Every structure is written in structure tokens, then in C-alpha cells.
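Under the working numbering, think of the first position of the sequence shown as 1, with each following residue one higher.
Derived from the structure by calculation, the hints contain no laboratory data.
Fair warning: this is a prediction, and the values are worked out from it, not measured in the lab.
There's no promise every hint is true.
No more than 27 Å apart at the CA atoms, straight line, and that leaves these computed lysine-lysine pairs for BS3-like [what the hints assert, rightly or not]:
1) 266 <-> 230
2) 337 <-> 228
3) 284 <-> 266
4) 337 <-> 230
5) 161 <-> 181
6) 208 <-> 128
7) 337 <-> 161
8) 338 <-> 266
9) 230 <-> 175
10) 127 <-> 298
11) 123 <-> 337
12) 362 <-> 281
13) 356 <-> 338
14) 145 <-> 161
15) 123 <-> 208
16) 181 <-> 123
17) 230 <-> 338
18) 127 <-> 284
19) 266 <-> 133
20) 170 <-> 145
21) 362 <-> 337
22) 228 <-> 145
23) 123 <-> 228
24) 228 <-> 338
25) 145 <-> 175
26) 298 <-> 284
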Amino acid sequence: MNNNYTYETEDEEDEDEESVEDEEDDESLEDEEEESLEDEEDDESLEDDEDDESLEDEEEEPLEEEEDDESLEDEEDDESLEDEKEESLEDEEDDESLEDEEEESLEECTTSRKRSRFTTLTKSNIKKLQKTKINEVSSNLSITKSEACLLLIHHGWSATKVDEAWFDDKERVRKLVGLLKHNTGEIVTTQTCEICFDNTVCLEKKLKSAKCGHAYCVDCWKLYINEKIKEGPHECLKPMRCPHPSCEASLEINMIRRFASQQNRKMYDRFLLRSYVETRKNIKWCPRPDCDLAVRYKSDGNYVNKYVEVSCRNGHRFCWGCGEDAHRPVSCEMMAKKNQESGDSKSLRWISTFTKKCPSCKQPIERNGGCMHVTCTVCSYQFCWLCLSDWFLCSARCNRF
Numbered sequence: 001m002n003n004n005y006t007y008e009t010e011d012e013e014d015e016d017e018e019s020v021e022d023e024e025d026d027e028s029l030e031d032e033e034e035e036s037l038e039d040e041e042d043d044e045s046l047e048d049d050e051d052d053e054s055l056e057d058e059e060e061e062p063l064e065e066e067e068d069d070e071s072l073e074d075e076e077d078d079e080s081l082e083d084e085k086e087e088s089l090e091d092e093e094d095d096e097s098l099e100d101e102e103e104e105s106l107e108e109c110t111t112s113r114k115r116s117r118f119t120t121l122t123k124s125n126i127k128k129l130q131k132t133k134i135n136e137v138s139s140n141l142s143i144t145k146s147e148a149c150l151l152l153i154h155h156g157w158s159a160t161k162v163d164e165a166w167f168d169d170k171e172r173v174r175k176l177v178g179l180l181k182h183n184t185g186e187i188v189t190t191q192t193c194e195i196c197f198d199n200t201v202c203l204e205k206k207l208k209s210a211k212c213g214h215a216y217c218v219d220c221w222k223l224y225i226n227e228k229i230k231e232g233p234h235e236c237l238k239p240m241r242c243p244h245p246s247c248e249a250s251l252e253i254n255m256i257r258r259f260a261s262q263q264n265r266k267m268y269d270r271f272l273l274r275s276y277v278e279t280r281k282n283i284k285w286c287p288r289p290d291c292d293l294a295v296r297y298k299s300d301g302n303y304v305n306k307y308v309e310v311s312c313r314n315g316h317r318f319c320w321g322c323g324e325d326a327h328r329p330v331s332c333e334m335m336a337k338k339n340q341e342s343g344d345s346k347s348l349r350w351i352s353t354f355t356k357k358c359p360s361c362k363q364p365i366e367r368n369g370g371c372m373h374v375t376c377t378v379c380s381y382q383f384c385w386l387c388l389s390d391w392f393l394c395s396a397r398c399n400r401f
């Protein structure tokens, strides 16, 4: 009984062992399956990791590319900003250079404008200006140049005034200036000189008559004309009349120059030049006694009583307004007051007592006798000594004392 039992027990044990083995096999299979699964999972995880890494790499690459692009863009932006800054700096420098050039050009223009405001005129320049006026009037009125010169002298060298007066009343102008219609002056040998009444001397030199026909010998003509020139511009320029007491005919400029001595001819020409300059508001003589130049000033017309420093070609600087030496920044009134205070009081009292200023040019005039009809030797303005008004507008019986 016992052996069977043992046998059975062994069989059972074998079975148990087999079952255990089977179980172990199963477990080993399971382990293998698990290992294979784990291996698969590991492989999958590895693949996933690799995929993730590849994805990360791929993601990193565009990121890096984007970063590179951004850095490049930033660099380009920086470079463009720097270029813009440089361009702006260059533009600023160009603007500054342009401003400097404009300022320099403005300074040059201002300087040239200041310099071009006045020009120096010589005697030959003034003669050319006179000839232009004479030719203009002679052509417009169809008269001789000598007659045109006399008309211009009488009307202050204004061609406009000559034309207006001539076309308004030609006969009145002819009578006023002493212009005759026909030239009757001829050389004669059969008459007696009406001044010296010396037939012997006069007939040897022959007689010469003006347009009026009054004949005088050459010596008497020379004596008369030279004496008139010596008396000053108010006698030889207003115009010079025939010596006959009842004749108002004027002598021609050519005749005056022909019979005047060389010295007096130069004096007469100087009077003619001065008569032109002193009637021009934009031309003045240099006040220096040893200078014979004039200055022409270009302005808008408001320069008559204004301080402007000008200079002639010889370097003489003077004030345009008052004619004194340059006195900037002192005004003309202050300069006149200073000169009055520093001058000789007796001379100033004498001037204020015995002279009066011309209403036209303000030059002091001394009246040494005669009637109240006064003619300024500087500007040829005619006025009443008592009331200082225009002589032709003042009554002959002026009662202003």
C-alpha cells in the first residue's frame, strides 16, 4: 500500500514537476514575450526618440534658419540705418554747405550791391551825359545843339521840362530864353563897332554880329564875353545876352567858347559841368577842394537828406546828406551842431546875420545890393530875398519885412 502510494506520489511529483516545468516554460515564454514586447517597446521608444530627435532637429533647423534670417535682417536693418544716418549726415552737411554758399553769395550780393550803389564820374563822363541830353532835345524839337543846350540850362537840364514848355508855348519859350528864329549873324566890314566906335581897329579885325544882327568887333566881343565869365555862372549861364541894351537875344555856346580866352574857356566849361551836376539829385561833386570827381548815387529816391557814406575814386569819403567828411554813426544834425559849437562864433553870427539859405539847395547866399530878386549861383533858383518864395510866384510888391 505504501509503495503504490509512493509511486503515485512520484507520479504526482512528476506531474507536478512537469506542470511546474510547463509553468516555467509558460513563464519563460511569457518572459520572452514580455522581453520581446519590451524590446519592441524599446525599439518603438527608440524610434520615437529618434523621431522626436529628428523632429526636434527639424524644428531646430528652421528655428535656427529663422534666427539666422532674423539676425541677417537685423544686420541689414542696422546697415540700412547706418546708411540712412550717413545719408542724413551727408544731407545735413550738404545743407550746411548750401547754407554757407547761400550766405556767402548773399554777402557777396550785399557787398556788390553796396559797392554798386555809387559810382565815380569824371569830367568826360559828365560831358557824355550832357551830350546825350543835348542830342535828345535837339532831335525832339528839331533845333540846333547850341539852342538845345541853352534850353536845358534854363530848365535845369531836364529834357522833360523842356519838351513840356516847348510844346505848351513855343514862342514864349523862345522869347524867355532869347532864341531867334533865323540866324542873321554874319561877318561885316562896312559898319562901325557900337562899343568902341573905333573904325580903324575894328575894321582891321572885322565885325561879328550875333543872331540879332548887332555887330561888334572881335576885341570887344572877347572883352565882353571874358568879363561875363569872370562874373560867375549866374551871369554867363542864364543865358549870356547880346551887349546891346535893348536886345534880349542870347549868345550861342559856340560863340562864347570861340571868343573866350583859354583860361576863361576852361572856367566856362567847368560852369557848364557844375550846372548839370548841381541840378541832379543823384550826382554830387566830391567836397575836397583838390578833387574834380563826382559821385553818382543809386537809390530809391529817399536819399536827399539821408546819411550815406560814399567815396570817390581818389578815396575821399564824405557824407551824401550833408557833404561833410564821413561821420558815421553820428547823424548829420548832430554833426552840424558839433561844427556849430566848435566853429568861430563871430563867423557864425556874421553868416546867420548877413546870409540866407537858398530855398532849393540850402546853400548860404550873401546879398550885396540890388533888388530883392535873387538867383542862386549854385542851382540857379530864383527867389524873393524877403519871403524866400519863388520869384515868379511872389508879388512884385512883397511887404514881408
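- Violated constraints from the hint list, given by number and in increasing order: When the structure is compared with the hints, numbers 2, 4, 6, 7, 8, 11, 15, 16, 17 and 24 turn out to be violated.
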